[in-house]
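Since the structure of chain R is provided, determine the placement of chain P on it from the hints.
In the order they appear, the protein sequences are chains R and P.
Numbering follows my numbering, with no gaps: position 4 of the first sequence is 4.
Basically my numbering = 1-based index in the second sequence + 112.
If you are wondering where the hints come from, they were derived from the structure by calculation, not from laboratory data.
Built from N, CA and C at the ideal position, the CB exists for glycine as well.
None of the hints are false.
A short, non-exhaustive set of chain P residues, derived as facing chain R with CB atoms under 7 Å:
id: 1; residue: Q154
id: 2; residue: G155
id: 3; residue: P156
id: 4; residue: Y158
id: 5; residue: R212
id: 6; residue: G216
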Amino acid sequence: GAGVSQSPRYKVAKRGQDVALRCDPISGHVSLFWYQQALGQGPEFLTYFQNEAQLDKSGLPSDRFFAERPEGSVSTLKIQRTQQEDSAVYLCASSLVGQPQHFGDGTRLSIL
Amino acid sequence: DAKTTQPPSMDCAEGRAANLPCNHSTISGNEYVYWYRQIHSQGPQYIIHGLKNNETNEMASLIITEDRKSSTLILPHATLRDTAVYYCIVRVRGETSGSRLTFGEGTQLTVNP
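Isolated chain R, as found in the complex (with noise of 0.2 Å):
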């Protein structure tokens, strides 16, 4: 599709599992961001990246959020040992530098 997708687009977990959540942005884009969306409220900044290079990671909230590009395509955020409170909708968008970003659908992660 032309568009960024997102998979799982739901995702169930126990508390202390981890999670992979996968975003496959649009082609070409060089520009990938990570947001996270708790219910109710507007999206909040994670991850940045530019290529492979992660430019800018201090949105993320502890030190059990990673993510990656290795490539400069696919990224994946990982989210270790699970807790509660990071139940929320995680919505990745692409961009070209410096132009309006286009987001996918996300996932839904509930911990249970």
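Here is chain P on its own, set in the frame of chain R:
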């Protein structure tokens, strides 16, 4: 990035124009005004952006005041599918350090039949 202020909710009749206001009184000279919207269970969708001139595209028009301290997003003929949360965001364009989007609470626009 400059802080924005939007009304929490607005209603609009189908077929009428929807005018969504945004205050950004601390905007800097190199900051653009961006508008996104988020329909329920979807990711945010880019609508339009501008620096100081009014802008129009196939989705909407953006009117920015001369002092740039406020702006209005206009949906000329609202439909039920325009029901969404609308976010006004100001950010520096084109710089790595300013690439993140800072979302506020947004305005919940409800278009009524």
